[in-house]
Structures are given as structure tokens and as C-alpha cells.
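Spelled out, the chains give:
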Amino acid sequence: MNILACVPAELLTRLRADCDGAHRVYAALDWEDVAGAVERHPVDVIVVDPRFGSPATLTLAPVLELRRIYPATPFVIYTTLDAKTLPAIVTLSLSGINQLIIADVDDHPLQLCAIFERQPGVRVSDSLALALAPHLSQLPPDVASALERVIHTPAAFDSVPDFAAAAKVSRRTIYRECERAALASPREILAAARALRAYALLREGDMAIEDVAEALGFSSPHHLAKIMRWASGMTTARARARIAPDEFVQMIVARVAPTPSSSSAS
Amino acid sequence: MSIRRPRGPKPALKHLAFLEAMIEQREQSIQARALRASFLTLRLFDEWMLQGAMVTDGTSPMLRATRAAVEGLQDDGDLQYLLGRIVDGMLMLRDSHPSAVLPRLAALADLFARRGQPALAADIDLLVGSPAVLAARASAPTEAAV
Chain H
427 MNILACVPAE LLTRLRADCD GAHRVYAALD WEDVAGAVER HPVDVIVVDP RFGSPATLTL
487 APVLELRRIY PATPFVIYTT LDAKTLPAIV TLSLSGINQL IIADVDDHPL QLCAIFERQP
547 GVRVSDSLAL ALAPHLSQLP PDVASALERV IHTPAAFDSV PDFAAAAKVS RRTIYRECER
607 AALASPREIL AAARALRAYA LLREGDMAIE DVAEALGFSS PHHLAKIMRW ASGMTTARAR
667 ARIAPDEFVQ MIVARVAPTP SSSSAS
Chain V
2 MSIRRPRGPK PALKHLAFLE AMIEQREQSI QARALRASFL TLRLFDEWML QGAMVTDGTS
62 PMLRATRAAV EGLQDDGDLQ YLLGRIVDGM LMLRDSHPSA VLPRLAALAD LFARRGQPAL
122 AADIDLLVGS PAVLAARASA PTEAAV
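Sequences listed follow chains H and V, in order. If you count the first sequence from 1, you need to add 426 to reach the numbering used here. If you count the second sequence from 1, you need to add 1 to reach the numbering used here.
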């Protein structure tokens, strides 16, 4: 799992001590650096403390802006619970952040990891990355790193040119590299990663289909339904209700890394 | 029955009503401490439901913080007694079978209702009637007596 931490140094140290090894913790230097950090690393969860950057005056605007830019990425508030932070916690909660880690209360290593691991999308993205590892190892490092970002932060990619830019290659080259690594086309990879995140948000995030479609940048729930049917053979609501997470990941793997027999069957 | 989920309000933190009520209190006032202790107890219950005995073992800072907050309520004996019984209930049950704790949560909701804090009572009622709690209750092998 990949955690982007936008928290003061003291909490960053705790996060690293408690989660490093099992998970990767990336630190944003300040609020301005967050967007760049999401471009540099795969990010499953963004951890925010309203005291980050300016402990004296709490800043909410950057967090709310990040929520607007990355609505499909789970956010976790990690801060102290006191008179100063309370109004900020309530405001962030009303913006849709529904996970709070209270410093000195919840930050036990096992507890912290458990909270992060149950954020929507985290487990299934890890499973997909693991299943695709043999293919990733055949790609040039920049392309592999971009593909890892697609898996963990699918909403950061609107189109194949975004994917190619992240991989620092041309559109044509990325098609060629994917083919060489026995992967589906970049377009299908993006669609599969978004379908997986949509499934996770629906199943684990308790979101409505319309909200998920919007968060992942689909033009309409109908467009999401089309992708979901391609990925799973079912409507969005049925896929959420009837397919277990492991099974859904296997379906996505079959789309992203089709074996010769499965591709000829479809 | 439709398997589609209606579009609702954005998800928010659990027990937000307690945080909203805390904002209105002076820090360290009796009311603020009562709300904090209640909030921490309810969160401990949430985590216990999700993770089981791990959150109530002796090394859990969540348990320690909750206990300290409850112990600090000497000037609100009724609430201290109820919260203490909820925490003790979780400590005594090995697994997260909520049956024995639910009546204590219901009593807590009653206390807030009697004190004219219906939003807090409703928050606890919502927890007691949540699908996760109902499912855990249904799967409990026997009603544990504590």
C-alpha cells in the first residue's frame, strides 16, 4: 500500500515507524507539493492533518481542493482531538472524509495499518499489482512505474496520453511496451483499473453509482456500466452485490494480462 | 428488492454528532469531557466490532485513552458508570459479539435522550441498529452473559 502523508513531522515519524516495511509512506513537503507527489508516486491513501504547514493557523482550503481533484482516492484525517482541531475535523468530515485517526489514541502500529488497509480500493489494488508483477518486471522502469500509478491511483489518468506522459514515452511506444509485456492495450488497462476502483468504492466505500461515476471521471453512470459490463459481464449494481473482491480482481487480471487462451475465447 | 443504492448524503465520520456538540463546549468543561469520553467509547466499540479483541488488549492506546477519559468523569457518575460498563463488556467478551454490550449502548442512548440531547441519542440508536452490528448479533453462537 502507498500512503501519501500531508502531516507535521512528528506524525510523519510515527507513520513511518508504524507503517514502513509493510507499506510505503511518501511525504509531501507542503500543500503545494501534494499534487506533484501524486504525480511522482502511486498513492492509495492520502493522510491529512489540518495543522500541516502552519500549526498556528489551520488550513482547510488545500485539503478541500485535493478532495475535489482526487475524489476517488480515500482520505484519512490524522490529527489531535482538541478544541483547535475540532472545527476542522467536522468541516473535513462534512466534505466527505469519513476516517479519523486521533493522535495518541489510534496510532498503535497494528491499529494504524488496519485503518489504512480497509480504505476502499487498497486491498484490491495491492492484489492486482501483485498479480501483474511478472508483467511489470518486463517493462522499462518508467513505464512500470506509470503502470503502478495507474493501478493505485486510476483517477489521476484521464486517457492514454496521460499514461504515456507519466511513462515518459510516446503514445505509440507505450502501446508497444504493453504488447511486449503481454499486457492488454493501455486503453484497456486504464479502463480495467477504473473499473476495479469503481467496484471498490461501491463495495467498500458505500457510495452510490452516480457518485462513483462522477468521482472516477466517467461521463455518466451509463459509461461506467458499459466498462463494468466489459470487465465483469454484469451491471454495476450486480457486480457490486454478487462478485467477491478476489474474484473481481481475477476478472481484471484476465482483462489486463490475457493469456492466449482467454483472449481467443473472448 | 432493488440492489441499487440510492444516492444519499456524502459519507461522514461516525459519531459526528458528538464532535459537533463538542465544538459548542468550553474545552475541559464537564460537558466537553463527557462528550469526549462518550465519543472515544463509541469509537472503541466500532473498532472492536471490526478488529475484535486486538483493540481491547492491555497495550492498546485506544483502550488506555478511552479508560482515562471515562475515569475523568467523576463529576458525572451516571455517564461514567454507563461508559465504564460498555468498556468492561468489550473487555470481558473475547470475540466481537455485541449482544451483551448492546443493552448498555441502548441505556447510553436513553441517558442522552433524557438529558435533552436527541442528536446524540439518535447517533447511538443508529449504531445499535447498524447492519454490521445486527449481522454480528445474528451470528453470535449464544447470548453471552456478562
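Derived by calculation from the structure, the hints in this document are not laboratory data. We put the CB at the ideal spot given by N, CA and C, even for glycine. Warning: the hint list may mix true and false statements.
To be verified - A short list of chain H residues far from chain V (calculated; beta carbon distances all over 10 Å): (1) R494; (2) G522; (3) R544; (4) S571.
As the list claims (entries may be wrong) - Derived list of chain V stretches under chain H, where covered just means 3 residues or more per stretch with a C-beta under 8 Å from a C-beta of chain H: (5) 13 to 19; (6) 50 to 60.
Now the hints, each set against the structure:
1. R494: 13 Å, holds
2. G522: Violated, because the least Cβ-Cβ distance between H/G522 and chain V comes to about 4 Å, which does not exceed 10 Å.
3. R544: 7 Å, violated
4. S571: The claim stands: H/S571 keeps its Cβ more than 10 Å from every Cβ of chain V (closest is about 31 Å).
5. 13 to 19: holds (count 4)
6. 50 to 60: holds (count 5)
Consistency note: the structure conflicts with the earlier hints numbered 2 and 3.
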